[in-house]
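Chemist: Both chains are sitting in their own frames, so use the hints and assemble them into the complex.
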Amino acid sequence: MNPKLLQIYLELRQRGLTPAQERKIWAELQNSGSHDLADAIGSSGSQAFLPSKVGPYAYNDIFDLQGITAMRSTYHLSLRSIDELLERDKQREKDGFPRKINVGRLIKPRKGGKDKVVIVPTTVEEKFLHDTSFKSDEGESSGGTGDGEEGEVIGEQPVRTPESPGGTGPGQGEGGPHEMESNAYDLGKILTEKFELPNLKDKGKKRSLTRYTYDLTDKHRGFGQLLDKKATLRKIIETNVHLGNLPDVSRIDPTRFLVSPNDKVYRILSPEKDYESQAMVFFLRDYSGSMAGKSTVLVVAQHVLIYSWLLYQYAMQVETRFILHDTEASEVPDFYTYYNSKVAGGTQVSSAYRLVNDIVEKENLIRDYNIYIFHGTDGDDWDTDGKESLPQLKKMLTYANRVGITIAEHALESTQKSEVEKYLKKSGLLEEKPKLLRLDVMQEDADEPRLIEGIKHLISE
Amino acid sequence: MELIDQHTKDIMEGCKVRALDAGLRFEPETLEYIVTNRDLLELTPKLMIPTLYDYWVHDVEVLKEKGRYELYPSNPYETVINTRPAISYYNDNNPDWMNVMIFYHVLAHIDFFQNNLYFRHTWDYDFTGQALSDKRMIAKLRSEKGRWVDYVIEFARSIDNLLGYHAELSRLNHPPLKKTPARMLDYYFDVFLQSIKKVNISEYVKEIERYNESIRTHKQLGEKTFFAEVFRKYPEFDAIFKKSLEEKSKHNLDLIQYLLEHSEFLNKEDNRWMKSVIEVVRKTSLFFQPQIRTKIMNEGWASYWHEKLFLKDDRIKGHEVDFARTHAAVTSMPRVGLNPYALGMRLFYYIEEIADKGKYSIKFRRIQDVAERKRFDEKTAQGQKFVFDLRENLCDFMFVNTFVDQDFVDHYKLFVAGKRLNQDRGVWEYYIKSRKADDYRQMLLDILYHPPHIEIVPEKDENATLHLVHHFEGKPLVKEFIANTMMGIEYLCGRPVQLETSEVVTTSKTRPVSVPLPGVSMPLTEERKEREVKWQRVLYTMKNRKLSKEQL
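Heads up: the protein sequence lines correspond to chains C and P, in order.
For the first sequence, counting from 1, position 326 maps to 326 in this note's numbering; every step adds exactly one.
For the second sequence, counting from 1, position 542 maps to 542 in this note's numbering; every step adds exactly one.
Chain P extracted, bound-state conformation (with noise of 0.2 Å):
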């Protein structure tokens, strides 16, 4: 790997200017590098940083078809990594009209990393540098642990997508922390009278009443007064409420946090190492969380602002069709199949446009008649700045949930793809499903990334199984990958691991549909029956890397 010539990189800075100069804010420095074919195939498997922790999985052809990119939120082909200073990656004979498009592109991704909020977490450090000493410290253990470290990573890995990635953001974005007695107030009236005690409502009521009294004669001193009060009636409240503070906070433990601070084997003085690897494993798959929820608002994004900025560019005169040609390949929305940059690129016209009008506002959605809804133009000039503010707060769930209306599909000729089976001439046929946005919103929430939702039961005894519970959201597991996957729990935990979840019941009437031979018109007799889900509740308990599964 090298870095791009002086020329190249004269190039790069003017596109940064003009970048600049439109409203885009990064830092300024970058590092660009020439890749051969040899570099890429390092790369990728280490997700294009190259640092990364060491991992023989990496030196394998990872089976890429099931759960692909469930398996792997990050982008193992990423032209920008999201470091400090950003490192992107390019191809060594790009003509240079080209070089100015991807030196859009590649900036107005930098922009969204650094000012997205979904990538908070990442802005107080350079991944790099981070991976790099990680990477020496696994090989250290490594060289004294052997195989152990690769089989905590391993196991480290097959929960690294059930983090509380929005919890660690909601710490970083948060406002602060109201302060104790708000709290303890909080927990009085609302848990510990209802709930513990569980007072009827005339003396509930009394309570409240004696609060604000003591709040009215005593002032400042209000809440202090009527608390000595209650420690006098209650002396147990005290020792409740901490307790009630102490579950709060493991209750928010991700498996990985959980695991950390509860399990006995980790934290065994001979096994503490392990902690340290399993670290770099969470942190590693927290960096990426962000990326691939925001994948069509950050391709999205840099496909606006590479065709706008380009067109404007003064150095590049007599490219234009070059420029249309390829730009045209990346961003048209194919006939079937979601193209990020296209759909995005769309999405945030669309939306400036919109807001350019002033029409997202109370007193446009109040007007009901459709030709004055059609009229409406305030000339806000807002739009710019609005879709700036969607870059910096939005995922894009939010994006796709709140922007894609009707209006937009249809101004687009958007419209939901099927795919059915054909029987008779043996062929998938591809239709329109539905023009309605709702459909194609719903179809988009579908795609999006969305790990399983699991939690942790709290229990009381310690050293008990460990109750993991799976919230069921229409989907089933993938069945093939429970067991390994707890076997490195139960490993890592130390005693043995239950999952509650939901399974698709297989009734009688399920028969696969055999297909005919193509090109043959024999009918055939057997009736096509729908496919009838039911769902069943059921435990998987994994003891002693063996599994079982009851029915609940």
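Here chain C stands alone, though its shape is the one from the complex (with noise of 0.2 Å):
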């Protein structure tokens, strides 16, 4: 057990705990886990258990018999018609028929369980089928062989799987951030056009969006600041190629080239548009101990489409700052990180509010940029009527565009709100400047409509 966390938990235990809030923070403390990136499966020590497939159906001879492997299909083979698509889905709606298409995240499996995800649209086929789910206290039962005694236990399998938090993980490897980056402005722009999300409205109102710079980029024919000899030299091949005076290709002969003056390629100065950023958002996670499972999943999701969305609003100009907090707050270099680091230790909102006030008044943000922040949370607070938290939020409502309280509510606790939920709304912040800070709970097991839905009122006007 971490001494400091000891500390402040005997600290907040003489300023008196209800015995929820106690056992939330005993767990909390109990939970030994570190924040590593989870990466390769089994790298948290416990001896993960996994059944093979599922049923006889799931076998086949193309991957079981010839070992065939690897067969998704790529992500541009995906997106390929997503326009295409989407107007589809549009008509359906005029035609008057429920929309089919929805934003899913497809997992390709990787080499060493680093599993990447890209974002596709996907459907289903509906049809009249048997629901075999709607016993849901025992798993499923299958077939096996071997050893063993009736009633006795061959293995286990976490139910909450640690390890793998984020889920969703924005992928690595080739071409890996890259691909984000476009996915995502894709995705943007589906949850723009599908899900209605409203689009932003003072979009460039801060600040100019262009400015120039010269540099020696444009091309031009016959005069100019440099020789760009190898367009020069193409350029020649190609009319003595028309004037019929290269007989024969493998043997050219350079001095009997003709050179017309127009051959000649150049470099000019020229004005280039440079843009800068309009947007700076915060995605704030908290990864607790009691994160673990739906609710960092869920939070994860969340903050995905909501910077697809922005990256698409911005055109492509939306910095990013990731924050990750329990009791101490940090910030990670990327979304990598954000989304894969494990969830441990306790909670202390309050940590990621101050921090992000400091990088703001330090890099002195305010006067560049919109400001957007979005705090995911299962609710939790060790300081819980938030002594710390409501003035550091209070501060970032100074100067934030707009501030989303995400709380996915873990099922346990669904009958009484929550810590933050609570102060949150004793403090009277969410009726005082409602255009400022959004706060959406949900429960745990939410879906992606309702995900949608949360989305919608964070960023709402």
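Note that these hints are calculated values from the structure, not bench results.
You may find that some hints are simply not true.
Unchecked claim - Which residues of chain P face chain C? A few of them, derived with a C-beta cut under 10 Å, are:
| no. | residue |
| --- | --- |
| 1 | Asp-21 |
| 2 | Trp-97 |
| 3 | Met-98 |
| 4 | Tyr-151 |
| 5 | Lys-197 |
| 6 | Pro-340 |
| 7 | Lys-436 |
| 8 | Asp-438 |
| 9 | Asp-439 |
| 10 | Leu-444 |
| 11 | His-470 |
Said to hold, decoys possible - Restraint ranges, calculated between C-beta atoms of paired labels, are given here:
| no. | chain 1 | residue 1 | chain 2 | residue 2 | range |
| --- | --- | --- | --- | --- | --- |
| 12 | P | Leu-3 | C | Gly-146 | 38 to 46 Å |
| 13 | C | Gly-146 | P | Trp-148 | 52 to 60 Å |
| 14 | C | Asp-334 | P | Glu-13 | 54 to 62 Å |
Ideal placement from N, C-alpha and C gives every residue a C-beta, glycine not left out.
Modeler: Next up, the structure:
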């Protein structure tokens, strides 16, 4: 157990805690995990037991007999006809049928357990089917072979898989970051069009979008600042081919070239548009021990969607900062780390808010950016009445364009409101500044439409 | 896609000779193609049928989790397809010995396709050829009617699992129908007198006596004379009987056929083209039906033969170890899970052995003595013939239901693996639930493909609501899918649709149990309550694309 955490805990206890709060804090204290990056399965040290494929129909000759693998369509193939699909979906609505395209996330299994996630349109063909999942307590029975007495436990599998709390990593490897960008942009477009997420109205109000720099980038024939030798030579050869001056391509004699003045290609100084970032988005994620499982998946999924939407809205001109917090907050350099850091430790929301405020102040971001802050948590906070968080939040609201807080509640605590929700509501900030601060509370088992609904609430005008 | 080279084809032909010698029966021509990853990407959405019709959903990643195998009875990753000639697909860098193994596997599949009676309806034509002409027809219609073609495909596909597949089979495999008089006779005595006229017993017996009497006196013409009297007595009988015949044939139609025949909307002059599209969807689905119903048998049969034939093949000397590794990877029984290759193959071996000993006989069944039962061996050498008969006549259900017995379960140390939540540790535990053959069999049967049984209730008024009844078999329907499926039916039908089905009533007690944090030993105060399942019959109505529900 971390002595520092224990100390905070003891201090808190002195101030008085309800048994429920104490239990939660105790649970997080007991959690001995660390914030490592989740990569290979099994790195968590637990002996993960994975049963083989579920039913007889999951087997097939191509994979199991011939061993042909990796037959997933590529991202580009799937997105090939995205516009066409969305168009079709719109048409469906006009024809009086419900829409059918969902924005799904597809996980491409990678070696070493590094699943890569791309976002693709998906659909489902509805039929009358038997639902086998109506008895939910017990898992489905399956077949098995080998020794053992009846009743003997032969293996176990973690219910929540803390080794991949993100579940939806942005992907790494060849072209990783770039692909994520283009994915997210497309997704943003889909979100805006399909789910009718609002378009930002004040785009470009605060600062001019462009300024010019001058560079030797344009090409010009005949004259200019710098001769582009390669392009020129290509041009000369082209001319000579046209003139029939190159009888044998395998034996070229450059001395016999005829050179026209127009063949000379130059680089010339020209004005270039230089885009400037408009939006700065802070993503804050609670990665304390209590976030294990679904709540993290939800928060992370929602943040991808928000990120994508902003990316589209600002025509890719979005800068992002990622902050993870338990009892202490830290900034991480990229999406990947943001997604894949494992949960552990206690919870103090104020730490993250304080860090954002510090960064904004230190880097003087208010002058240059529209600032958005999105925070995802399960609503637990050791600072139960928001004594520390609320002042920081108020400070944040003085400069931010929007602060969106998502609470993914655990099913167990759904009957009572979580701490964060309680103190936010009590503070009256939500009513006071409805344009600046939004709160979205959802159940741990919310589905994608619910997520999108939440985003609408968080970002709508 | 290109054909395999001459060298490999030569290997294949060698395999065919040996397989035929061993007793497998299949048409001699086959086509083998090398497929690249790219080919497979195009083939898999089309269920490995290169000429299948185009449909936009094929281009989209389809959500595969929920009811994947129930939704798509066909396996998108089949290595050999049931066409004439049979087409099979291969990796381009398989070593020769491996090709030998796969070829035997494929040949056994072809043998199964071409001999198992559940495939009877696919024997008389080449599906790829048929599919090609259908594809062209649909493409042509699409150029004329645009997106409406896709709507029709969509709605037809939404009910393509409610096929009268068994009715189709029984039509093909049925002995010729009895002549009308016999059926008229049955109808007269079984239905007409009893249910319609409701005559009393003495009158009924009198009528039977009169029938026997007229047969005795008039011999050949007995029945005719008998009915002459009937027609005089009940002039309405003839009309009622004919109507009953019509009703019966209507009753046997599956939902798609019913719509094709009775939907006013589809039979409008402008909409007739839809019927051809729907026919294509139905035919395609029908073609794939036997595949999923024989998965365990088919894979078992293929594995059984590729092992047998490979080991006898003189051409692959020196690759026994390679073979053993690959073969074991395919056909080993998983600790938890169900591998159809492994299970089917073991069942075939087991049955062959038992049949060899003559244990599938009344004589053996009469024996009570355990020791004697063990010793029993008639040395019939009929095992091989027995398994060949099975591959001809059974489907997975009968195969599992008949032959999974306690000896089999014990011999291979099989068990039903249960999965339960361990609250304290935050893990799913897999445990040995039962080693009883009955439980194992039931578990298998529960897993087998089984679409819901939905019947049309014939209406007197053709314009009234189309009434569907889902016969309850212990499972509800997937709720999210009901609305869109019914909307499709309403569209095709042109009038409102009702569906009667059963649903689980959520009682206040059923609270999902939350899982504690991993590795935390704080006891949870909440008691875990047993989930109680109560059933409620409900009626869904789809009218003007609006769904409503009422309890019955």
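Chemist: Hint by hint, say whether it matches the structure.
Modeler: Consistency of the hints with the structure:
no., hint, verdict
1, Asp-21, "violated, 23 Å"
2, Trp-97, "violated, 14 Å"
3, Met-98, "holds, 8 Å"
4, Tyr-151, "holds, 7 Å"
5, Lys-197, "violated, 39 Å"
6, Pro-340, "holds, 4 Å"
7, Lys-436, "holds, 9 Å"
8, Asp-438, "violated, 13 Å"
9, Asp-439, "holds, 8 Å"
10, Leu-444, "holds, 7 Å"
11, His-470, "holds, 7 Å"
12, Leu-3/P to Gly-146/C: 38 to 46 Å, "holds, 44 Å"
13, Gly-146/C to Trp-148/P: 52 to 60 Å, "holds, 56 Å"
14, Asp-334/C to Glu-13/P: 54 to 62 Å, "holds, 57 Å"
Taken one by one, the earlier hints fail for this structure at numbers 1, 2, 5 and 8, listed in ascending order.
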